[in-house]
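Participant: Generate coordinates for the entire structure from the input sequences, incorporating the hints supplied.
Here the protein sequences come in this chain order: W and V.
With the numbering used here, the residue at position 81 of the first sequence is 81, and numbering never jumps.
With the numbering used here, the residue at position 233 of the second sequence is 233, and numbering never jumps.
Treat the hints as calculated values from the structure; they're not laboratory data.
Derived DMTMM-like pairs (lysine to aspartate or glutamate); straight-line CA-CA distance at most 20 Å: (1) W:39 - W:7; (2) V:48 - V:18; (3) W:39 - V:73; (4) W:10 - V:67; (5) W:10 - W:48; (6) W:2 - V:73.
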Amino acid sequence: MKICRREIEKTVGPMLKYSFALCRDSDLACDLVQDSIVKALSARNLPERGDSYKPWLFSILRNVFFDHLRRTRRWSRYHDDTPPDDLDCATAIPVEQSLINRLTVRGGLARLSGQHREILVLIDVAGFTYGEAAELLEIPAGTVMSRLSRARQRLRQEISSDNLHTLDGMQIVQARKAAE
Amino acid sequence: MRQVSTRTETVNAFVDGELKGAEAAVFLGELAGDAALARQVSDLTRLKAAVQDSFDELPCHAPDLQELFDQYDAGGDRTGDRTGGWRTAIRRGLTGAGLRLLAGAGAAVAAVVLAAIVFFWQADGVARDGFVAQAIDAHHRWLTRPLPSDAPEGRRQLAAFQRLNDRIYVPDLSASKLSIGLVTRFGDDGVQVGYVGTRACHLSLFIRPTDTPGTLAMSEAMVRDSRVFSWRENRLDYALLAVGMDKIRLRLIAEDVLQATRLMQPFDRATQMALRLNRQKSQPCAA
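Facilitator: What follows is the structure, encoded as structure tokens:
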């Protein structure tokens with residue numbers, strides 16, 4: 001069976017974004033994706049269907065990333081960096097449109113734990129379904145749902161905590177204060 | 001640990017298009033009569049769009065797929081991949097093709113050995129021209145004639161130095177309870193940044209511009225009583241060293257400083273937490 005190059009071409013963009021979300025280093029992100037594609041090209045067992053390529057390629061990329069973590073002795077940090085779950089989920093934090101700009105969200109994402117950033121990028125950016133994400137991450141679908149909820153809650157909190165800074169020349173009132 | 005409510009998870013699932021059939025219908029019914037729920041859906045939808053938008057640009061150029069495909073094609077038909085090829089050659093009792101393959105492998109091994117020798121020669125390059133030796137001397141001068149610790153003044157000096165060279169990034173090590181206590185010129189065009197801890201720790205970071213391009217991996221060495229980490233990044237030589245500091249703590253700091261100088265960014269929250277926890281577990285400095 002021949003490898004389907006078109007599927008690789010289609011997936012390389014989301015792979016780069018996912019890779020960057022994992023490692024937060026643009027050069028390394030590119031290297032990891034390249035290594036993953038080389039691995040994919042030399043794989044013996046290929047997906048049978050075109051729609052199976054994306055999870056398969058992401059799975060290779062994830063393994064390549066964790067190999068990198070092991071080599072650089074940063075493995076434990078990826079797993080230990082989940083911030084304490086002290087969110088009060090009953091309190092909705094309103095997010096003003098003006099606050100949601102690219103820089104703020106990027107900053108907020110950068111401050112999330114690796115696991116939270118990963119689930120957000122898989123679902124929101126790479127377009128994984130909950131089932132696909134569960135398979136890739138080797139966790140139950142229920143855990144995907146709860147992790148995603150926490151990640152979004154955390155991201156909103158991070159965005160809100162950024163609001164005292166001036167963004168785009170505009171002094172923004174802290175959203176949480178506005179909510180009170 | 002508080003659990004995220006299943007209600008919130010359901011709202012997320014709706015926003016992600018994961019509710020199907022009857023579930024979706026029930027949710028839509030609730031949504032029609034619940035303004036707070038509608039607001040929550042709206043917030044989450046915008047947040048999702050914002051996350052997508054923040055990844056609009058690729059973080060780097062995509063790898064040249066055509067080149068990778070060409071390399072793959074040049075490697076032969078995939079029905080006889082590399083592993084299979086080797087196995088087949090051995091099974092055939094090293095025929096002419098097999099011997100050529102073996103000769104090729106021998107040449108490849110020799111090339112790898114040669115490359116490794118060159119790499120380690122280069123990796124030692126930061127140390128070879130006396131940079132590390134000068135750094136150790138400067139660090140000891142600071143230890144024997146300590147200047148009064150004045151962090152605000154140190155930061156001012158550093159800011160002035162950075163204005164002269166915008167490639168220099170000096171990380172904030174306060175997460176490891178180390179504050180800048182010294183900034184001084186090092187050699188003709190370098191800088192020494194001295195960090196002072198609360199438990200007798202003194203750590204120096206030396207940065208010196210170099211004309212030699214490329215990156216050198218971090219190397220660790222024990223020179224006299226100093227543990228030194230040195231690397232090259234972005235035409236700058238770095239050396240980080242301390243005397244009598246817990247080596248695991250120093251190694252962690254060195255790895256994080258390397259990462260921060262590579263990214264030109266402050267430590268993220270996880271790194272700060274790791275430094276803080278590591279510092280709590282570490283012994284005070286012996287020097």
